[in-house]
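2 protein chains.
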Amino acid sequence: MANGTIEELGRRAVHSARALAVATTATKDTALRLCADLLEQRAGEILAANTVDVGRAEREEAGDTALDRLRLTEARLAAMAAGLRQVAVLPDPVGEVVEGSIRPNGLRVERVRVPLGVVGIIYENRPNVTSDAAGLCLKAGNATLLRGSSGALESNRAIVGALRDGVSKAGLPADALSLVEDVSREAAVQFMKLEAIDCLVPRGGHSLLDSVREHATVPVVIDGDGNCHVYVDASADLDQALEIVMNAKTQRPGVCNAAETLLVHGAVAEGFLPRAGRALGDAGVELVGDERARALVPGMGEANDEDYATEFLGLKLAVAVVDDLDEAMAHIARFGSGHSEAILTTDVRSAERFCREVDAAAVLVNTSTRFVDGGELGLGAEIGISTQKLHARGPMGLRELTCVKYVVRGDGQVRR
Amino acid sequence: MANGTIEELGRRAVHSARALAVATTATKDTALRLCADLLEQRAGEILAANTVDVGRAEREEAGDTALDRLRLTEARLAAMAAGLRQVAVLPDPVGEVVEGSIRPNGLRVERVRVPLGVVGIIYENRPNVTSDAAGLCLKAGNATLLRGSSGALESNRAIVGALRDGVSKAGLPADALSLVEDVSREAAVQFMKLEAIDCLVPRGGHSLLDSVREHATVPVVIDGDGNCHVYVDASADLDQALEIVMNAKTQRPGVCNAAETLLVHGAVAEGFLPRAGRALGDAGVELVGDERARALVPGMGEANDEDYATEFLGLKLAVAVVDDLDEAMAHIARFGSGHSEAILTTDVRSAERFCREVDAAAVLVNTSTRFVDGGELGLGAEIGISTQKLHARGPMGLRELTCVKYVVRGDGQVRR
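As they're listed, the protein sequences go chains A and B. With our numbering applied, the first sequence corresponds to residues 1 to 416, in that order. With our numbering applied, the second sequence corresponds to residues 1 to 416, in that order.
Treat the hints as calculated values from the structure; they're not laboratory data. Don't take each hint at face value.
For identical chains, the list gives no copy identity; a pair is met inside one copy or between any two copies.
[Claimed, not checked] List time: in silico EDC-like cross-link candidates among lysine to aspartate or glutamate, alpha-carbon distance up to 16 Å:
#, residue 1, residue 2
1, K169, E376
2, K193, E8
3, K169, D37
4, K316, E302
5, K193, D165
6, K193, D210
7, K193, E214
8, K316, E286
Keep in mind it's a predicted model, so treat the numbers as computed, not measured.
I would like the entire structure built from these sequences, with the hints used as guidance.
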């Protein structure tokens, strides 16, 4: 291990977190801009390090997706730098007085937004996560411990080196940001149990999330699956519905807020499904459905429960015809992952029932699930989309990287 | 097991949670009042059941504290009923629009408060927790799974029977509230891993909390230790300080927001500690301190690091003299449990630095740590005081038993 034991990195992060917590917004923004500059200035060095990682991955015959995620280019580095500069212009969540009141005995009670302290990020091969996550954590006043994968170690080391120098140049402790360079499985488990971490955010696939669920003893926010549904109600505007379904499925099928199942009310199935089937087929989407859907769309495959439970993350869509709103909501309750669920309807009662009764991070009416994203919902940037209920639900922006403390001011009040 | 497997109780709770989530405030309040009435009407039955539990505890030679916690009386039952009626008049957190805005593309985005779903409570021998916790969870629209200890099983069964009947009479599903009657250790661990539970709240001592930390895989909010400090700054109003220190230590020494350590600035130690030592001694408080404190208070014992780290929960206080605010804050950072920390000062800079830099659920200026309590801070009632940072920090009231979902309304918007 090159840079200290995990416990030692944890101690240094805790120590740095105190300086970060009281740093002014101006200082943090300066640090973010210096980090962005250094990423660009050291592009040659960072890309050379990345070439080492990519070369090893190629020798190990990694798949195209894995290689694409790992590979950095001038353009991707520029996007990382732009991301940091974007975070610098977002409002600082720290210090926000969330609420305040005066108690009958004269005590002034405020709830004030403060940093979490130390945020741990454990992630897979995408080196851009290194700067994206670090930038958001820094702006929210947190120290960050990063634990990337072995496959991206050289890239991460180069990126973190630049970021630490940027932080340091702004007068903040470099240890506000550290990379755990021990990439063994044992170190990953140790990381998930490190007491110094106030909040652990895993970014990656199922095996990482399962490992976190099994081993983590520190508080975690899970960026879970998105098995998202679009339900076309009996009263839907079918032209609008077609456009929304196409958008939710095909605009970017590989992401968590893309639609994976289309539910159609029986009363409009005949008028909608053949059209939708053609349009989706033309866009290269493979369709699987229940008996009633298959009767309306030639060439549609048979869907089983596993299909309805699957986040395809690609050009495949499960389809079911339902008798009414209740059946649609029951399907969503059974198979949904609590991410984003949309109803397309012109009936105000259907819309309101769907919004109230569907249990998910986001419910949408007459629009695409693709909007469930930090940028689109006005959070500026996000570190992930939480599908858990505690602390953060939906896109996690700067505010979700903070907590709140009570500040109580009196003048001698005692409790009777 | 008398009432179904834990998994089955979980399934029924999940099912009931859907009805609870859309129940009107009026229905929930009616249920709470019916529950209160039934607790009173069935006092004979409940007290008889409690007598069985107390008898067994006496035969097993339980200590006085344990017996006192377990024992119910007419007065305690009346207090439980009054608690439920109090919750009925609190504002309903469900449906609160936390924030809302219109995006540039016309999407209307709201964050709306909704119930968590199923709340699990695992607790020790105090049967009043059964109705207190159930009442708060019900008002917040959650189904509740209760897992009390073996020692209070008969009492809990009688109480939960009355509450289920009250809920049912109001037209809500009785399974909104269930008691896990399997009181084995295995069942406790199974409970901590039950997927049906959206939030687990443990109420009890260290061994329970340690077990939850070790075994729980469901999200948890920990009601942790309160190793609270009062720091008397150089500029403190010493008369006021004496009154606050006495209140923080002696008004109710057995609770988590009582003070456990007194820190005194060296400049006022001579003027304050001898007086404080006499007053505390007269109130029966045992004092232990560092060398400088002992030199000023005759008869003060010697304090070691373990004393400074201990939540005495009784009439004992650790004392230290510090050279300045920084040393006081360093002591708190080292030994504090992140619960409630007070500074007594007339210096605005000291007050502001303390509020910003001390990392705790609550920081207080010129008032007693005893005010860190749901009722005193205006939350109405609380289910515990969280010392963790995620989700809930400080007193957990009705709002902390909910989460937020995004509701996004459009008219055909798609993402480009």
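These are the hints, each one checked on the structure:
When the C-alpha separation of K169 and E376 is checked against a cutoff of 16 Å, the pair qualifies neither within a copy, at 33 Å, nor between copies, at 45 Å. For a Cα distance limit of 16 Å, the shortest separation of K193 from E8 inside one copy, 14 Å, qualifies, whereas the shortest one across copies, 32 Å, does not. Taking identical chains as interchangeable, the C-alpha atoms of K169 and D37 lie at most 16 Å apart only when both belong to the same chain, with a minimum of 12 Å there against 67 Å between chains. Only within a single protomer do K316 and E302 lie at most 16 Å apart by alpha-carbon distance; the minimum there is 12 Å, versus 72 Å between protomers.
With identical chains, the CA atoms of K193 and D165 are never at most 16 Å apart, being 28 Å at best within one copy and 43 Å at best between copies. Taking CA atoms no more than 16 Å apart as the test, K193 paired with D210 passes in both settings, with 15 Å inside one copy and 14 Å between copies. For a Cα distance limit of 16 Å, the shortest separation of K193 from E214 qualifies both inside one copy, at 11 Å, and across copies, at 11 Å. Within a single copy, K316 and E286 get their C-alpha atoms as close as 5 Å, which meets the 16 Å cut-off; across copies the closest is 71 Å, which misses it.
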